[in-house]
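2 protein chains.
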Amino acid sequence: MMLSQTVEYALRAMVCLAAYPDTRVSAGVLADQTAVPPDYLAKVLQLLSKADLIAGRRGVGGGYQIARDPGEIGVLEVIRAVGTLDRITSCPLGIESHGKPMLCPLHHLMDKAIGAMMDVLDNHSLADIVEWTDGGQPLCLDKKGKPAPVSLGLKR
Amino acid sequence: MMLSQTVEYALRAMVCLAAYPDTRVSAGVLADQTAVPPDYLAKVLQLLSKADLIAGRRGVGGGYQIARDPGEIGVLEVIRAVGTLDRITSCPLGIESHGKPMLCPLHHLMDKAIGAMMDVLDNHSLADIVEWTDGGQPLCLDKKGKPAPVSLGLKR
Chain W
541 MMLSQTVEYA LRAMVCLAAY PDTRVSAGVL ADQTAVPPDY LAKVLQLLSK
591 ADLIAGRRGV GGGYQIARDP GEIGVLEVIR AVGTLDRITS CPLGIESHGK
641 PMLCPLHHLM DKAIGAMMDV LDNHSLADIV EWTDGGQPLC LDKKGKPAPV
691 SLGLKR
Chain L
541 MMLSQTVEYA LRAMVCLAAY PDTRVSAGVL ADQTAVPPDY LAKVLQLLSK
591 ADLIAGRRGV GGGYQIARDP GEIGVLEVIR AVGTLDRITS CPLGIESHGK
641 PMLCPLHHLM DKAIGAMMDV LDNHSLADIV EWTDGGQPLC LDKKGKPAPV
691 SLGLKR
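Here the protein sequences come in this chain order: W and L. When we follow this note's numbering, the leftmost residue of the first sequence carries the number 541, and every step to the right adds one. When we follow this note's numbering, the leftmost residue of the second sequence carries the number 541, and every step to the right adds one.
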């Protein structure tokens, strides 16, 4: 897989939270909405929390909430919070003469490809996704497993 | 890592073999040239062989040779021979109404990013890399660990 399962899950969770920036959502509801296994989601939420993208509170009435304006959180930032996605800035073989800007043709091409992907991701915020109107709404499933895009049972 | 270690190693090996399309290169020389651990390289060569990108012969005088014209082998084809790199063609959550062309905004964006990367990789062949003149020659190290781009000790 090109973008890891962890990245996929992190983006699902962030999109759901971005749709309700003023709401604290329980981990259980979030797991339902994103169709992510609860244990896996817990790990992902921990990473997102560590990166200060979300704020969590345990106990009764606890849950998770997006920590910043969804318009100011880029998709690439979410990906980087749970994994790595970097340009190639030095020769992977450690060949000195191949360092930037003199990456060899192979790594120059690979870097160019990675850059093309990152450009797309970096040019969109979570708000862009939530507010997207062309092509339907982003996730999620409702409790019956039916498509209920970004519905937490609350009015936005 | 965006492109896996296996992809990186496979591309190194293919670039080295593409530089000498008429030569059978031993696994040992190839490991030296690409700076790939021999055991790991053996697995990669097996995958490339299975995908009919290279032809191998064991024993004295044995080795590996590129199976087709380097100009006709795209970089993307090599990547796919050792792993997966695909567009998102259906909703990862299995939401029927999110199938193409109605991927939700999140997966539409992720697909667009993957597509941008694949376009770059698909538009270049191994010959393009070997014949690249802008920015130095592709790998490899010589036996003393010094940069000796695509040198198998043979005249091209």
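No lab work stands behind these hints, which were simulated from the structure alone. Just to be clear, a hint being listed does not mean it is correct.
Note that identical chains are pooled: a pair holds if it fits in a single copy or bridges any two copies.
Listed next, the in silico DMTMM-like pairs over lysine to aspartate or glutamate satisfying Cα-Cα at most 20 Å (straight line) [said to hold, decoys possible]:
id, residue 1, residue 2
1, LYS590, GLU671
2, LYS652, ASP626
3, LYS590, ASP651
4, LYS652, ASP662
5, LYS652, ASP592
6, LYS652, ASP609
7, LYS590, ASP579
8, LYS583, ASP651
9, LYS590, ASP609
10, LYS652, ASP562
11, LYS652, GLU671
12, LYS583, ASP562
13, LYS652, ASP668
14, LYS652, ASP579
15, LYS583, GLU671
16, LYS583, ASP662
17, LYS590, ASP572
18, LYS652, ASP572
Now the hints, each set against the structure:
1. Within a single copy, LYS590 and GLU671 get their C-alpha atoms no closer than 26 Å, and across copies no closer than 46 Å, so neither meets the 20 Å cut-off.
2. With identical chains, the CA atoms of LYS652 and ASP626 are at most 20 Å apart both within one copy (11 Å) and between copies (18 Å).
3. Taking identical chains as interchangeable, the C-alpha atoms of LYS590 and ASP651 are never at most 20 Å apart, the minima being 28 Å within one chain and 27 Å between chains.
4. Taking identical chains as interchangeable, the C-alpha atoms of LYS652 and ASP662 lie at most 20 Å apart whether they share a chain (15 Å) or sit on different chains (12 Å).
5. In this assembly of identical chains, the alpha carbons of LYS652 and ASP592 never lie at most 20 Å apart, being 30 Å within a copy and 27 Å across copies at closest.
6. Proximity of LYS652 to ASP609 under the C-alpha cut-off of 20 Å is found in neither arrangement, the shortest distances being 31 Å within a copy and 24 Å between copies.
7. For a Cα distance limit of 20 Å, the shortest separation of LYS590 from ASP579 inside one copy, 17 Å, qualifies, whereas the shortest one across copies, 38 Å, does not.
8. In this assembly of identical chains, LYS583 and ASP651 lie within 20 Å of each other by CA distance neither inside one copy nor across copies; the values are 30 Å within and 25 Å between.
9. Taking the shortest alpha-carbon separations for LYS590 and ASP609, only the intra-copy value of 17 Å comes in at or below 20 Å, while the best inter-copy value is 50 Å.
10. In this homomeric assembly, LYS652 and ASP562 never come within 20 Å of each other (Cα to Cα): the closest approach is 39 Å inside a single copy and 29 Å across copies.
11. Taking the shortest Cα distances, LYS652 and GLU671 sit within 20 Å of each other only across copies (17 Å), while inside one copy they are farther apart (30 Å).
12. Proximity of LYS583 and ASP562 under a CA criterion of 20 Å is satisfied in neither setting, with 23 Å inside one chain copy and 51 Å between copies.
13. Taking CA atoms no more than 20 Å apart as the test, LYS652 paired with ASP668 passes between copies only; the shortest distance there is 14 Å, against 25 Å inside one copy.
14. For a Cα distance limit of 20 Å, the shortest separation of LYS652 from ASP579 qualifies neither inside one copy, at 36 Å, nor across copies, at 29 Å.
15. Taking the shortest alpha-carbon separations for LYS583 and GLU671, neither the intra-copy value of 27 Å nor the inter-copy value of 46 Å comes in at or below 20 Å.
16. Taking identical chains as interchangeable, the C-alpha atoms of LYS583 and ASP662 are never at most 20 Å apart, the minima being 24 Å within one chain and 35 Å between chains.
17. In this homomeric assembly, LYS590 and ASP572 never come within 20 Å of each other (Cα to Cα): the closest approach is 23 Å inside a single copy and 41 Å across copies.
18. Taking the shortest alpha-carbon separations for LYS652 and ASP572, neither the intra-copy value of 38 Å nor the inter-copy value of 26 Å comes in at or below 20 Å.
Checked against the numbered hints above, the structure breaks hints 1, 3, 5, 6, 8, 10, 12, 14, 15, 16, 17 and 18 and satisfies the rest.
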